[in-house]
Each structure stands twice: as C-alpha cells, then as structure tokens.
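Undergrad: Please model the entire structure based on the sequences and the hints provided.
Respectively, the protein sequence lines represent chains V and B.
Just so we're on the same page, the working numbering is the position in the first sequence counted from 1, plus 1.
Just so we're on the same page, the working numbering is the position in the second sequence counted from 1, plus 7.
Any given hint could turn out to be false.
Only pairs whose alpha carbons sit at most 20 Å apart, straight line, appear in this in silico EDC-like list of lysine to aspartate or glutamate [to be verified]:
{"hint": "1", "chain 1": "B", "residue 1": "K105", "chain 2": "V", "residue 2": "E69"}
{"hint": "2", "chain 1": "B", "residue 1": "K122", "chain 2": "B", "residue 2": "D71"}
{"hint": "3", "chain 1": "B", "residue 1": "K164", "chain 2": "V", "residue 2": "D71"}
{"hint": "4", "chain 1": "B", "residue 1": "K105", "chain 2": "V", "residue 2": "E112"}
{"hint": "5", "chain 1": "V", "residue 1": "K132", "chain 2": "V", "residue 2": "D71"}
{"hint": "6", "chain 1": "B", "residue 1": "K164", "chain 2": "B", "residue 2": "E135"}
Examples of chain V residues lying across from chain B (beta carbon under 8 Å, computed) [claimed, not checked]:
{"hint": "7", "residue": "T136"}
{"hint": "8", "residue": "A141"}
{"hint": "9", "residue": "A145"}
{"hint": "10", "residue": "D150"}
The set of hints was computed from the structure by calculation and includes no laboratory data.
Beta carbons: idealized from backbone N, C-alpha and C, even for Gly.
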Amino acid sequence: MKLDSMHLDILKELGNIGAGNAATSLSQLLNQRVDMSVPEVKLLKLRDVPYLLGGPEIPVIGITVLVEGDGEGQILLLFTKDSSEKLVKNIMAGFPQSEVNDEMKLSVLLEVGNIVSSTFLNALASFTNMKFMPTVPASASDMAGALLDTVLAIEASEDDMIITVVTDFVVQGEMIEGYLVFVPNPLSLAKIFTSLGVSL
Amino acid sequence: MDRIVVGIGEWSILKLNGVLVCLGLGSCVGIALYDTNKKIGGLVHILLPLSQNSDNSNPTKFADTGIPFLLDEMVRLGASKQSIVAKIAGGSQMFNIKGREDRINIGARNVEVTKDTLRKLNIPILGEDTGGNFGRTMEFFVSNGIVKVKTIGRGEKEI
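TA: Structure below.
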C-alpha cells in the first residue's frame, strides 16, 4: 500500500470530522464542554503502535467495536484508569455514589464506546457514501499494548505499516483524557479512497 | 547487562547474559528459544499465525515462519539444534464480542500454530503461560533460561 501526502490529508480530514462528531456526542452525554485535539493520522510501523499512549505496559480501560459493512476496521477507545473513573462519576452525577457498583460503571463505559464509535462511523459514512456498522461494544481493562496488539492482529494481515487515526479529548475542568484509535483494514482503506475518487 | 525490548514482528538473540523482553503481549505470542548448553537465547514476538497469502516481507511477524527463522539465526551464532528448548507466553483473547469469535480470537490460533511449528522442529516446550483474557509482559533471562511473566492484577510467575 503506497500512500502519499494527499492520502494522509484525506484521512486526516476523515478523522477530524469523525472525531469532532464523537466529541460532540460525548459532550451531550456529559452535558459539559469536550475539547478535542486535531486528530493525528499516523502511518506507523507495527512495533510503534503499542507506544501510542506512552508505553505498552500502561494500565488502561479499552472499549472496542468491530466495524462492518462496506468496509472493515476496528475502533478502540482508551481511557487511563483515572480518567475512566472521572468519566463515570460525571455521567452518574445524579446517583448516590454508594449505589454505583462496578457493573454499572462498566455499562456506562460501554455505552460511551457505543455512542462515540457510532457517531464516528456515521460521519465516515456520510463523507464516503459507504455503509459502516459497529458491532456491540466490548471492554477490557489491561495493559495498553495488549489491547493494541489485538487490534493490529485483527486488521493488519498484509502490511508492516498501519494507518491509525488518534485523537484525545479533554472534558472541561476534569482533565478526562480519552483516545480514539481507528484502524481501518488495509483492503477497506482502498475502498474508502475509491469511493472518494482517489486512486492508491 | 543488556535489556532488549523485542517489538511486534521483531526478534533478538543474546549470549550468556542479558534479558530479552516482550512488553504487553495480548493476542501476540512471545517465543523464547534457549540453547541450554551454550546459553544462547533468542526471542521472537509474533503477531499472526500463518504467513500464507501474505507478501511475507517480514518472516518474524508470523508463527510459522518466525520460529524457524529465529532457530536458523541462533544456529548461525553457534547454537546446536538438539539442545534447544522453548518457553512461550501470550495468545490471549482480550475482547469478547458475541458472534464474532472467528474474527477476533487470533490469540488461540497464534498459540496453536506456535505449538505445531515447535513440534515439527522437534523443539520441546518446557514452559508455557498462554490463553485467557489478560495481557502479559515476558522477560527472558539468558543466563539461566528463566522466563518471568508479569500481569496486571494476576501477579508474576516463572515458567
């Protein structure tokens, strides 16, 4: 797969729109302002992917959906443990803390994953005129590297380089940092470019 | 003492002492090969089970090509095939998505093909910590062949 700067610009724009919409949906859910950095579109060597968030051994909570439809891929939403706790606390603000158990926290995070990835994919779909559907979300709490290598194994069957769209959001006042990692399957990436009238 | 981090699709070999490390293995598998007499240790960090249908530009990304590749390199550096043993770690399924098991359960296939490949090469597996749904860091001590496996919340063990 040969990508030039034009391809990367297009992906950046895709990431921007998708992540912008995702941040808006998160903002509505939290009823607070959510700031988002300009997404970084990176063409990474496999060995560098686990270092996206500062190291393969960093403990994180990950929520993932598989992307299906006209193109395949995977979205992984990552929060540090601290940030996930703050996020849940914000969303569950009306509930007495004593009544919030781990199971409730997890379903809140899964719902966040659901909303954010659906909005991201909707934006991608309208931009490309393709159909993308997320599976039900799944979660895991473990080392960042372990979650990221699983995403790589599912999507990177051919290439030694992989495209990632990474953005982080900060929820005002609370410094809740989240990362959205979108890894399109290399074959699907070609389809996306074709739909936009761009050849690879 | 050398401490070498072996990234996804990479491999490394040390003689006599030093530590070879795979950080945060999920569905990936770390395969440590050790010449017990000459204390030559090699570690390969594979991502996928089979190299078929691939351009195979990087043999050490796959279990079926990565293990023979590492073995050959070790022999080239003086190891003898008959005294080589293996220890393996990783191959988890980090996420569980109902109805999509075939697409996501690459960890189990990685372990399966790793074991098949080692069997075909007549390399005995002396230690193993594979499967489950959690991440692992693997440290291979070349001075004595011990492999330490570290986890988050599931402690540390020697294999």
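Undergrad: K164 of chain B and D71 of chain V: Cα distance at most 20 Å?
TA: violated (45 Å)
Undergrad: Given the hint that K132 of chain V pairs with D71 of chain V, does the C-alpha gap stay at or below 20 Å?
TA: holds (5 Å)
Undergrad: Checking hints one by one. Is A145 of chain V an interface residue toward chain B, by the C-beta closer than 8 Å rule?
TA: This interface hint holds because 7 Å falls under the 8 Å limit.
Undergrad: Please work out if K122 of chain B and D71 of chain B have their alpha carbons no farther apart than 20 Å.
TA: holds (10 Å)
Undergrad: With a cut-off of 20 Å on the C-alpha distance, tell me whether K105 of chain B and E69 of chain V pass.
TA: Answer holds: K105 of chain B to E69 of chain V is near 14 Å, not above 20 Å.
Undergrad: A closest beta-carbon separation below 8 Å is what the hint needs, so does D150 of chain V meet it against chain B?
TA: holds (4 Å)
Undergrad: Does E135 of chain B sit within 20 Å of K164 of chain B, going by the straight-line distance between their CA atoms?
TA: holds (11 Å)
Undergrad: Is the shortest C-beta separation between T136 of chain V and chain B less than 8 Å?
TA: Constraint on T136 of chain V satisfied, holds at 5 Å.
Undergrad: Would the hint on A141 of chain V stand, with a C-beta cut-off of 8 Å toward chain B?
TA: This hint holds: A141 of chain V lies near chain B, its Cβ roughly 5 Å from the closest one there, short of 8 Å.
Undergrad: Does K105 of chain B pair with E112 of chain V here, judged by a C-alpha cut-off of 20 Å?
TA: Status holds; Cα separation ~17 Å.
Taken one by one, the earlier hints fail for this structure only at number 3.
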